[in-house]
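K.L.:
Residue numbers (our numbering), protein chains in the order written: chain A, 1 to 112; chain B, 1001 to 1112.
Some clues are possibly wrong.
Claimed, not checked - Taking CB as the label site, the calculated pair distances span:
1. A:8 <-> B:1105: 19 to 29 Å
2. B:1053 <-> A:59: 40 to 50 Å
3. A:112 <-> B:1039: 20 to 30 Å
4. A:15 <-> B:1051: 39 to 49 Å
5. B:1051 <-> A:18: 37 to 47 Å
6. B:1017 <-> A:75: 23 to 33 Å
7. A:111 <-> B:1030: 41 to 51 Å
8. A:28 <-> B:1016: 41 to 51 Å
9. B:1080 <-> A:57: 44 to 54 Å
10. B:1027 <-> A:59: 18 to 28 Å
11. B:1009 <-> A:111: 27 to 37 Å
12. B:1105 <-> A:14: 48 to 58 Å
13. B:1018 <-> A:40: 19 to 29 Å
Keep in mind that the hints were calculated from the coordinates and are not lab data. For each residue, glycine too, the CB sits at the ideal point set by N, CA and C.
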Amino acid sequence: TQLLKQSPQFLSIQEGENLTVYCNSSSVFSSLQWYRQEPGEGPVLLVTVVTGGEVKKLKRLTFQFGDARKDSSLHITAAQPGDTGLYLCAGPNYNQGGKLIFGQGTELSVKP
Amino acid sequence: DAEITQSPRHKITETGRQVTLACHQTWNHNNMFWYRQDLGHGLRLIHYSYGVQDTNKGEVSDGYSVSRSNTEDLPLTLESAASSQTSVYFCASSPDVALGQFFGPGTRLTVL
Chain A
1 TQLLKQSPQF LSIQEGENLT VYCNSSSVFS SLQWYRQEPG EGPVLLVTVV
51 TGGEVKKLKR LTFQFGDARK DSSLHITAAQ PGDTGLYLCA GPNYNQGGKL
101 IFGQGTELSV KP
Chain B
1001 DAEITQSPRH KITETGRQVT LACHQTWNHN NMFWYRQDLG HGLRLIHYSY
1051 GVQDTNKGEV SDGYSVSRSN TEDLPLTLES AASSQTSVYF CASSPDVALG
1101 QFFGPGTRLT VL
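Whole structure, please, built from the sequences with the hints as guidance.
P.N.:
See the structure below:
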């Protein structure tokens, strides 16, 4: 069974600090996706990483796909209160018709 | 602009009643999904469809049904609502599962 484990589950930091969220699996994924969800809203796709070792940047967010395509990380530089939310990683499980498997999420709180 | 909408946004119903949640997308995506999100369980897949007349069960499909008569809509029906089905429900669509999904704003359902 393919599983995605995110760490940490909860993170509370001050504005301006850096942080990294991890998404790990024992299985290989063809791609991994990162979403952000704010309270009362649906998840919003931030990025998809496809190639092992790939690094993508979205303003202060840096996403990396592991060389073996079993893990991914999200690094936020100089976090701001607007970064507060639930961060989810997800990957397609082609053993089950390509359905997305989601990690449990990382709840980030950035205090001013 | 293309979008995905859900209705109603909030619903209170009684145990035993039939409830239908609507999902409509204007991207012309073939792939559509229904999830429920509960504290401690993350996002769990209820049903999904890869095209008109195609429907498939997800990991928590008991008590739910869907039908796909056109590309734009995937209504979710709770045949006989139970208190255990109190949750937030999200619909999503995707042009390609590997590249990411686009989520609706969610429906908060309370079954009394």
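K.L.:
Failing hints, ascending?
P.N.:
6, 12
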